[in-house]
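Asker: Now for the letters of each chain:
2 protein chains.
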Amino acid sequence: MKIPVVRNILEVNERIAAENRRIFSENKVLVLNLISSPGAGKTSLLEHTIDALHKEIRIGVIEGDIQSNIDAKRISKKGIPTVQINTDGACHLDGNMIRETLNSLNLESLDLLIIENVGNLVCPAEFDTGENHKIMLLSIPEGDDKPVKYPLIFRQSSVLLINKIDLLPYVDCDINKIKKLSYRINPNLTIFEVSCKTQEGLSQWYRWVKKKVNALARKKSQR
Amino acid sequence: MKIPVVRNILEVNERIAAENRRIFSENKVLVLNLISSPGAGKTSLLEHTIDALHKEIRIGVIEGDIQSNIDAKRISKKGIPTVQINTDGACHLDGNMIRETLNSLNLESLDLLIIENVGNLVCPAEFDTGENHKIMLLSIPEGDDKPVKYPLIFRQSSVLLINKIDLLPYVDCDINKIKKLSYRINPNLTIFEVSCKTQEGLSQWYRWVKKKVNALARKKSQR
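Chains as they are written, first to last, in the numbering used here: chain A, 1 to 223; chain B, 1 to 223.
Do not take every clue at face value.
Unchecked claim - Sample of chain A residues with no beta-carbon within 10 angstroms of chain B, all distances over it, derived:
1) Ala17
2) Ser68
3) Pro81
4) Thr101
5) Ser109
6) His133
7) Asp172
As the list claims (entries may be wrong) - Quick list of in silico lysine-lysine cross-link-like pairs, DSS-like style, CA-CA up to 30 angstroms:
8) B:Lys180 - A:Lys180
9) B:Lys180 - A:Lys77
10) A:Lys73 - B:Lys179
11) A:Lys179 - B:Lys197
12) B:Lys179 - A:Lys77
13) B:Lys73 - A:Lys180
14) A:Lys177 - B:Lys179
15) A:Lys197 - B:Lys78
16) A:Lys77 - B:Lys212
17) B:Lys177 - A:Lys73
18) A:Lys197 - B:Lys197
19) A:Lys177 - B:Lys210
20) B:Lys177 - A:Lys179
21) A:Lys78 - B:Lys177
Because the hints were derived from the structure by calculation, they are not lab data. No residue lacks a Cβ here, since even glycine has one placed at the ideal position from N, Cα and C.
Throw the hints in and build the complete structure from the sequences for me.
Answerer: Written as structure tokens, this is what we have:
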């Protein structure tokens, strides 16, 4: 009896996410859904990405948290449009929650919308929000066995950022094993090795984002 | 419409968990439900705990994973009874999953049963398995803002193990802030600062486990 109910919730979500995707597409906004375990570095990545790109790209942010607005406060200091979603216990963002924020965001004035999901490597992978790409972070202290244990998010993501590589000397983690296991699950995955602390490797990530935003902008001018 | 459905699932779970709890109590087995984000160190803690206590205490383990049996293999090397639950996508263990393993475990021959939950700081907090205590791990690289962002698990747990304190010199994390925020949510929380890598602080944890197991054993002999 339980599975059909969950299936039903997922089907309703698919429908709402498809409608979100249509709205994002009409407005030529690139939407990235940022997913990781708690404390892997989503908000730090967001801060650096905003600093690096906000002069060329108009960025907006949706912050998803079970409770609190710590992250939204960090981000809104950057002076960009930020909306907080408090899920009030729920373990992921869904299409409907994103839909409800769209009145608070002027999509026409944005090139890039980044959704920071609830810190959870499992449930956000199942719920489409209407994004163009799921972007996942895995941090070095989490260890090198995560692709095998949480395969869905590795399969669903376009980009894997392996973060906190500055900690490699101090932990037992084989970065080549992470990459090998990840490619086995998802051969199309783009992998960047980065440190939000030292900023090593981040420029490749910025280039990826700019390329994707520019591809949408080109389509816009061709209309 | 969604909330009543979830509520119903939780109510069914409460009933099954209560029945599990009765079975555990009849068999005088102490049951600990180990919860953390992916990679915070649950399996390492288990390995050390087994090494330290298996000569005095008869230990069994239930390993919860979405997929794979990496952790169960690590644990069964210790020569103790281990059962693997693969949740096949589900983000937490529930009362029913635990119930189904009980035929594979001879509870009468155990003093301590440790359940290693799916790596997830959110959902396992909501689903009672019938354990005596929820034990949570938070690792230093996850940062010091987690109690505010994931309060439910801090509220539900009897013990918080702050793990990977060997990494304190290399990350921005204020351990006193974690403790202050945690006590604000749950003044009864017992907090241990540990490193599964260097084994610093683990003896206090072992003492806590032994005390709880012995309290049950005393009750047994008083019957």
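Asker: Now tell me if each hint is right for this structure.
Answerer: Hint check:
1. Ala17: The claim stands: Ala17 (chain A) keeps its Cβ more than 10 angstroms from every Cβ of chain B (closest is about 15 angstroms).
2. Ser68: Not fine: 5 angstroms to the nearest Cβ puts Ser68 (chain A) too close to chain B.
3. Pro81: 22 angstroms, holds
4. Thr101: Answer for Thr101 (chain A): holds, closest chain B Cβ roughly 18 angstroms.
5. Ser109: 30 angstroms, holds
6. His133: 21 angstroms, holds
7. Asp172: 8 angstroms, violated
8. B:Lys180 - A:Lys180: Distance ~41 angstroms between Lys180 (chain B) and Lys180 (chain A) Cα, so the pair is violated.
9. B:Lys180 - A:Lys77: Distance ~26 angstroms between Lys180 (chain B) and Lys77 (chain A) Cα, so the pair holds.
10. A:Lys73 - B:Lys179: 23 angstroms, holds
11. A:Lys179 - B:Lys197: With a Cα-Cα distance of about 24 angstroms, the restraint between Lys179 (chain A) and Lys197 (chain B) holds, given a limit of 30 angstroms.
12. B:Lys179 - A:Lys77: Holds, at about 27 angstroms.
13. B:Lys73 - A:Lys180: Holds, at about 21 angstroms.
14. A:Lys177 - B:Lys179: At roughly 35 angstroms apart (the allowed maximum being 30 angstroms), Lys179 (chain B) and Lys177 (chain A) break the hint.
15. A:Lys197 - B:Lys78: Given pair Lys197 (chain A), Lys78 (chain B) is violated - Cα atoms ~38 angstroms apart, limit 30 angstroms.
16. A:Lys77 - B:Lys212: 48 angstroms, violated
17. B:Lys177 - A:Lys73: Within the cut-off at roughly 19 angstroms; holds.
18. A:Lys197 - B:Lys197: 23 angstroms, holds
19. A:Lys177 - B:Lys210: The hint is violated at about 38 angstroms.
20. B:Lys177 - A:Lys179: 35 angstroms, violated
21. A:Lys78 - B:Lys177: Satisfied, since the Cα-Cα distance of roughly 25 angstroms is no more than 30 angstroms.
Consistency note: the structure conflicts with the earlier hints numbered 2, 7, 8, 14, 15, 16, 19, 20.
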